Amino acid sequence: MTGELLPEIWRLWVYLEATPLLGLTLTLLAYLLGLWLYQRSGQQPWLNPVAVAILLLVALLILTGTGYPTYFEGAQFIHFLLGPATVALAVPLYGQAGRVRERLLPVLLGLLAGSLTAIVSAVGFTYLLGGSRETLLSMAPKSVTTPVAMGISEAIGGLPSLTAVLVILTGISGGMLAPGLLRRLRADPESTGLALGVASHGIGTARAFQLGEREGAFAGLAMGLNALLTAVLVPLLLGWWG
Amino acid sequence: MLESLALLLGLQLLGEVLVQLTDIPVPGPVVGLVLLFLGLCWRGQVAPELATTSQTLLGNLGLLFVPAGTGVMLHARRLGEEGVVIVAVLLASTVATVLVTALVMRGLSPGRVR
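Quick note, the sequences are listed as chains W and H, same order. Each residue of the first sequence is one higher than the last, beginning at 12 in the working numbering. Each residue of the second sequence is one higher than the last, beginning at 275 in the working numbering.
The hints are simulated quantities; they were obtained by calculation from the structure and are not laboratory data. Among the hints, a few may not be true.
[Unchecked claim] Covered by chain W, according to a simulated footprint, are these stretches of chain H (three or more residues, beta-carbon under 8 Å):
1. 341 to 349
2. 357 to 367
[Stated by the list, open to error] Here are the computed distance ranges between Cβ atoms for each label pair:
3. H:Gly357 - W:Leu71: 20 to 30 Å
4. H:Val361 - W:Leu249: 15 to 25 Å
5. H:Pro384 - W:Leu32: 29 to 39 Å
6. H:Val358 - W:Leu249: 37 to 47 Å
7. H:Leu287 - W:Thr75: 31 to 41 Å
8. W:Gly78 - H:Gln294: 24 to 34 Å
9. H:Thr326 - W:Ser143: 44 to 54 Å
As the structure is a prediction and not an experimental result, all values here were calculated from the model. The beta carbon of each residue, even a glycine, is placed where N, CA and C say it ideally should be.
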């Protein structure tokens, strides 16, 4: 029975693998499963739905011997939506414009301090721990949203695809660690959002929206402005550092 | 839904065009964000349709990072060799960034310290 069933399933896989449908559907299903596990576990921070989905997909692709480019052929349709989602951040930001104006100076200085800390600590710690030069350069823009970070990485001689992975890992670690840390600091919703957005871009922003509309809007603001700031600061800082 | 999606994509496109024309070191979608924000300030309100579409996109933001994150499989060897360093750096840097950002913002907001 299985002797006949398995080749049949395999034949089907090979056929479907060639269409974008498979990568697209698997990404959605893996994420839904990740979300379901996260809800079922009572929102355990270590069961981050993005991390769970990535682990499931990597395991499946390795088990079936499917290459990443084949998978991405379908998954790119989801990846593409990062662009319009970034533009859409203007909407919650507009909703919170009054609160931002009220605290403009603290917001801007917090942002600048956080952005500098993210870059300097990423590059500095990698250097101190003896990481390779490619890793070090790919690490510099890791707190910025994926498409921007990949562009910066390419410009300074890092590996854009490695940067994409470091960006996601940064996002996941921020989503896991930051809310607990900020609660212990008794940070107000605006500071909480700003810290999440600066440290871990869109994944941090997604986490901030779960905490509340105000947290989410400030995280979105931080993510957008940090993308601008990091694009300017990284080449400047690396120029000094040599 | 369709109109607001066209608006978001159109502004992203406009952003990309502006970046190409002016060489500003900013990604196209971020320019689109600024343009939409200015447009909303000018109109003075958010159309309910745009609010729904952006809520749908932003409510599922995590999903959009999954395809790029799965690219981790391309770097299996590097992660094997430098994985400990990479994870240590990411955790330390994230904690430092969160603390500095929140403390600076709170420190500069007198009367807000609770």
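- request: May I ask you to test the hint 44 to 54 Å on the CB atoms belonging to H:Thr326 and W:Ser143?
  value: Holds: the Cβ-Cβ distance is about 46 Å, inside 44 to 54 Å.
Does the Cβ-Cβ separation between W:Gly78 and H:Gln294 fall within 24 to 34 Å?
At 32 Å between Cβs, range holds.
Between the segment 357 to 367 of chain H and chain W, see if three or more residues pass the 8 Å beta-carbon test, and mark the coverage as holds or violated. holds (count 9)
Item checked: Satisfaction of the hinted span 20 to 30 Å by the C-beta atoms belonging to H:Gly357 and W:Leu71 -> Holds, at about 21 Å.
Note to self: Tell me if the beta carbons of H:Pro384 and W:Leu32 are separated by a distance inside 29 to 39 Å.
What the structure shows: violated, 57 Å
task = Could you see if the CB distance from H:Leu287 to W:Thr75 stays within 31 to 41 Å?
result = Given about 37 Å between the Cβ atoms, the range holds.
> How does the Cβ-Cβ distance of H:Val361 and W:Leu249 compare with 15 to 25 Å: does it lie in that range?
Replying inline: holds, 23 Å
Verdict on chain W covering the segment 341 to 349 of chain H, criterion of 3 CB contacts below 8 Å: It holds, with 9 qualifying residues against the three required.
Checklist line | CB-CB spacing for W:Leu249 and H:Val358 relative to the 37 to 47 Å hint | finding: violated, 24 Å
The structure shown violates the earlier hints numbered 5, 6.
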